[in-house]
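As they're listed, the protein sequences go chains A and B.
Everything in the first sequence is counted per UniProt numbering, starting at 1 for the first residue and increasing by one.
Everything in the second sequence is counted per UniProt numbering, starting at 1 for the first residue and increasing by one.
Because the hints were derived from the structure by calculation, they are not lab data.
What you are looking at is a predicted structure, and each value in this text was computed from that prediction instead of being measured.
Cβ-Cβ distance ranges computed for the label pairs, FRET-style:
#1 B/Gln131 with A/Ala376: 31 to 39 angstroms
#2 A/His321 with B/Glu539: 28 to 36 angstroms
#3 B/Lys602 with A/Arg276: 55 to 63 angstroms
#4 B/Ala545 with A/Asn371: 53 to 61 angstroms
With a Cα cut of at most 25 angstroms, we get these calculated BS3-like pairs of lysine-lysine:
#5 A/Lys408 with A/Lys319
#6 B/Lys442 with A/Lys2
#7 A/Lys2 with B/Lys173
Computed footprint of chain A on chain B, listed as stretches where at least three residues anywhere in the stretch have a Cβ under 8 angstroms from a Cβ of chain A:
#8 328-342
#9 505-518
Idealized CB from N, CA, C, for every residue including glycine.
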Amino acid sequence: MKIKALSRSTTEYTRETKSDIQKLPRNIDPELHPLERAREYKRALNAAKLERMFAKPFLASLSGHIDGIYSMAKNPWDLESVVTGSGDGELRMWSLSSHETVWRAPEAHRGIVKGVCNIPGGETDRFLSVGTDKLAKVWSRSESAVASDGITPETVATYTGKHAFSGIDHHRNRPLFATSSSLIEIWDVDRSEPITNLTWGADTINTVKMNQTEVNVLATCGTDRSIILYDLRTNSPLAKLVMTLSTNAISWNPMEAFMFATANEDHNVYTFDMRRMDHAVNVLRDHVSAVMDVDYSPTGQELVSGSYDRSVRLWDVNKGHSRDIYHAKRMQRVFCVKYTLDNNYVLSGSDDSNLRLWRARASQRMGAKSNRERSAIEYADKLKDRFAYVPEVRKVLQHRNVPKGIKKASRTKQDMLQSRKRKEENTRKHDKSGKPRVPERKKAILGVTNK
Amino acid sequence: MSVTDKLALRMHTEAEGGSFSKGNVSHTARQEDADHTNNADDSDDERAPRTLRDAPAKSDRTPSAKMPKQRDNKKRSKSSNKDEDSKKKKREPDAIEKEILAKSEKYQRGLKPTMGDEKPAAIKVRSKKAQPKIEHEKRRREIAIIDAARSEMLLTEQAGYLEAEGEMERTYKVTQDQLADSLDINSRAKIFDLKLEEFGPYVMDYTTNGRHLLLGGRKGHLATIDWRSGRLGAEFHVRETIRDVCWLHNENLFAVAQKKYAYIYDHSGAEVHCLQKHVEPTALGFLPFHFLLASTGMTGRLMYQDVTEGRIIGEHKPGYGPNHVLKVNPYNAVVHMGHGNGIVTMWSPRQSQPLAKMLCHKGPVQAMAIDRSGTYMATSGLDGSLKIWDIRNFKALHEYSTMRPAQSLDISQRGLLAAGWGANVTVWKDALVTKVDAPYMKRLLPSTTVSDVRFVPYDDVLGYGHSSGLSSIVIPGAGEPNFDAYVANPFETTKQRQEAEVKQLLDKLAPETIQLDPTFIGRLDPRSRDQRQLELLEEKRDQYAKDKAGGKYLDNEVKNKMKGRNSSAKRFARKRLNNIIDLKKLNEIESAKKKQQESEAKRRKIPESEKGALGRFYDEKRSTA
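Please build the complete structure, drawing on both the sequences and the hints.
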C-alpha cells in the first residue's frame, strides 16, 4: 500500500523570527478563487469611488497681480519658476514650491503684457516680454535686480517694434526670437531691428509659436481665421490653413514635432498634423465657450486647455472628450494655461488676476510611496481600466460636479448641435445629389494652401 | 504566431540561459537560437505575484512595461520572417508543451490558447479602433494562461494518496489503525475520537482555512476547538435543541440554529445576536463573499440575512413544507435546498422564484453536497439512492447506493465524496467524474449514528459527528495541498486575520451578483438598444399587470370628471398623475398610434393618373409610413 497524507510542518509556513516577513504561499488555481469576476468588479467600483473621493485638484491660488493674467511662460531649465504678465503691464516671477512672487516688474509695459517667453539655454535666467506698447523687453531676475519693492527693475535690453505686439516666442537654440503683431518679425537678439518680416495676408496675428523640436518651423494664427506655418530656413511660409472661426492659441507637441494643437474660437481644440492639414487629427469638444489657450503635456499624450467659459479642461490627445474639468468659484475667464514640465501640475491664469496651480491628475498624490501602496494603485488603475465600460463604474468615473452655467450651456449646445445634425440629415434625405457626408474633422476647415 | 510557438521559444531560452524572454513573441523557434543571447538581460519580471492584488483572477495581466519592447521585436521579426514563415511547415507541439497546454486548461476561463500553428478564430467587431485592442488583449491573455500553467511548478506541496500495490489489495480495507502506522506523527494526531455521549448526535463545521472546528450537540452542547492543537475556544450549553451550526466569515463569529431562533455567538461564547426572523431553523449556510447567512427551517422558508448590517435581504417561500437540507454552492454562491418531495431548488436572494428546480429523488431529499468547481452535486434521498448531478446542465450522471439512506454528504476539495449512513462513513474517489465500483475508504463505528460528515479544507482529514461524539479520520488525497494565503491560511496569525477581515468587508459583494453563471458581470449585453427597451417595456407591463391584479392602483385612479368641489389637493393629484408616464398612458399612446396607422392605411391611394400636374406634391411616404 502506498500511503501519503498531507502533513505541513509549521516551521515551513511560519516565520522563524519576529523580524522575518510572513510566509504567504500563493496558488492561482481559479477554483480557489470563486466569484473572482464579481470581486474584481467590486474592487473596481471601490477604486473608482476612491478616485473620485480623492479628486481634489486645486492646490493653490497665487495672488499678486492687480489685473488679469494674459500671458505665461514656463522655463524648461527650471521646474520651479513661472513668469506671468498681466493686463496692467506687470510682470511677475513665481516660485511654484513656495507659492510666492520671487521677482516682479510693476510697470514692465504700458498696456497689456501680451506675451512672455524664456530665453533657452539655462545659462541665464533671462526672459522676454512683449506688450501692446510696441516694446519687447529682456528681463533677468539676477541681472536686473529690484532696487526696492514697487520700483520697476532695469531691463537688460529693449527692442522697439512698429506695431503693438501680440505674442512672442524664442528659437530653441539660436539667438533669435519671433514676435507677432500685424506681421511676424524675426529678431536677432544683437540687433535692434528685425532681421526678417514674414507675412501672408494682412490681418492681425494672434500668436506665434516656434516648434521646439523641429526648430526652424513656426506657426502663427491670425484674426483672419488662418493658421500659417513658416520655415525660418527659407524665410517663407509653408502652408496656410483657414478655419471657420479664428484660432486663439497654438501649442506644438513636444514629442511629435509635426503635431500641433489649436485653441479655437468655436469651443473646440483641434490637433493637426502639419504634413496633412486638410483634416484635423482629432477634434476635442467639451468647452462651451471659446478656448483661449492650449498646452501639451511634456509627454505629448495629454492636453490642457483654458476657456472663456471659466474652466480648465484636461484631455487625452487621442480621445474626443475631456478627461477632467477644473473650475473654481472665483475663477474667471481663463486666458492662459500651462502643463508643468514634470507632467504633474497644471497652471492657469485668469481674468481674476490669480494664477492657479492644479494637479494634473486630480486624485494623484505626490510623495514617496511604499511598494505596497504603489502596487495597490497600479492594481486599482488596471481594474478601473478593465471595468470602465460597466455602467456603474463608468457612472462613478465620469461624474463631475460642473458649474450650473457650464452645465446649462452644454445642454443647450448639445440640443443645438443635434438639431443642426437633424436638419442636415433631413436635407440629405430629400437631396438627390447625394453629396458625401463631411467628416467632423473636416467640418471646421475651409481650406488649405501649400506653398 | 501561436501560443505553442511562444511556449517553445520560452522554454528554449530558459533551458539555455535560465531566464526567458518575453520580448520575442513572434520569433520562430529557429530564429530564437540566434536571438536569445540578445535577450538574456531581458529576464522575467513576471514571477509569482507579490500581493493579493496581483494574482487571483489576474493571471491574464502581464506587466505593461514589457509591451513596447514586445511591439518593437514584433515589427522587426515580422519583416524578416515573412518569407520564412510562409515556407515553414506546421509544427506539432512537443511533449513538454503538450503537458503545459494540458495544465493550462483550468486557467482558460473561456479562452483556449491555440495548439500548434492553428490560428485562433478572430473576433470581429465593427469598430476599427477596437479591433487591434481586442486582438492585443487576447494575445496577452493567451500568454498569461501559459504563464499560469507554468507557475504550477512553484507549488510546494504534493497531494496525498492511498494506492493499492498488489492486485489483492483494496484501499477500502485499510483501517485507520493500519493507516496510522504508516503515517508521520503529525498526521497520526489527526485521527481521534471525541467521546461525547451525553448531548449527541453532533453537527459540526470547519472554518474556511480548516483550523477551527465548531461542534453542536443536538441537546445543546456547543464548543469551538482549534482542533489540531486541541485548544478549546468556547464551550457552553445553550439548554435547548441545536439543529445546525455554521461559522461566519472567520473564527470570531458563528451562527447556531436553535430550537426557536438562530443565534450568533462570538469566539468567547457570548451571544451577539438573536435572529428572530429565522423561525425554528434547521439548516444554516453562510455566503462568505456576500456576508449573508441563509437558513431554512420548519416554516420551509429560505431566509437571507446580511450579517454586517442585519437586514433581511431575501425571504423565499418554496412552498414544499418543512425543510432541513440547505447547501451553498461555493462556485456561484447559489443556495441549494432539498425538499420533502424530492425536489432540489436553487436560489438567489433577490429573485423570489428559484433559479432552477430539479426533481432528484422519489422520496425526500436527505442530504446534499456541491463540489467547489460548481460542476457536480451529490444528493441522497430517503429512497436509498445517492445520485451525482451535473449542475451546469441539470443532468444526472451516476447513481450509487448505500445500505441505508445517507444522512450526510460532503465533497472534498479534490473531489472525494463522503457519505455518512447509519454507523458507517464511506468515501469514494473519482465518484463524481466516473461511476466507480468500490469505495475508496470506509469506516464503521458500531452502535452510533452518523449525523454530519465534513472534510477539512486544505487537509486530508474527514471529521464526522455522530450520536456519541465526534470522530476525525485521515483520508489521504482529500484536501488541496497548496493553499493560497490570501484566500485561506491555515497558519494565519491574529494580525493577518484582522487584515483579511477588513479586506473581506471591503470586497463584500452585493446580493445581485448571485446568479447561476457568476461571470455575467462585465459581459457585453448582446441585445440592441431597441430590443433592450422593448424588453424593459414588456417587463414593466408585466409588473403593472401583476400589480394591478394585486389591487395596487385601485386608489390611485383619480377620475378626471368629478362632480362637486374641485379641491386643490385633487387638482394637484391629477396634475401629478399627468406627469407620470405609466403603462396606461403608454398603452393609450400606442393604441392611438395604431389607430392612426390604420386610418392611414385605409386612406384611398390616389393613382398616378389622377394626380396630374400637381403629382409631385402628393407625399407618397406619408400615406404609407
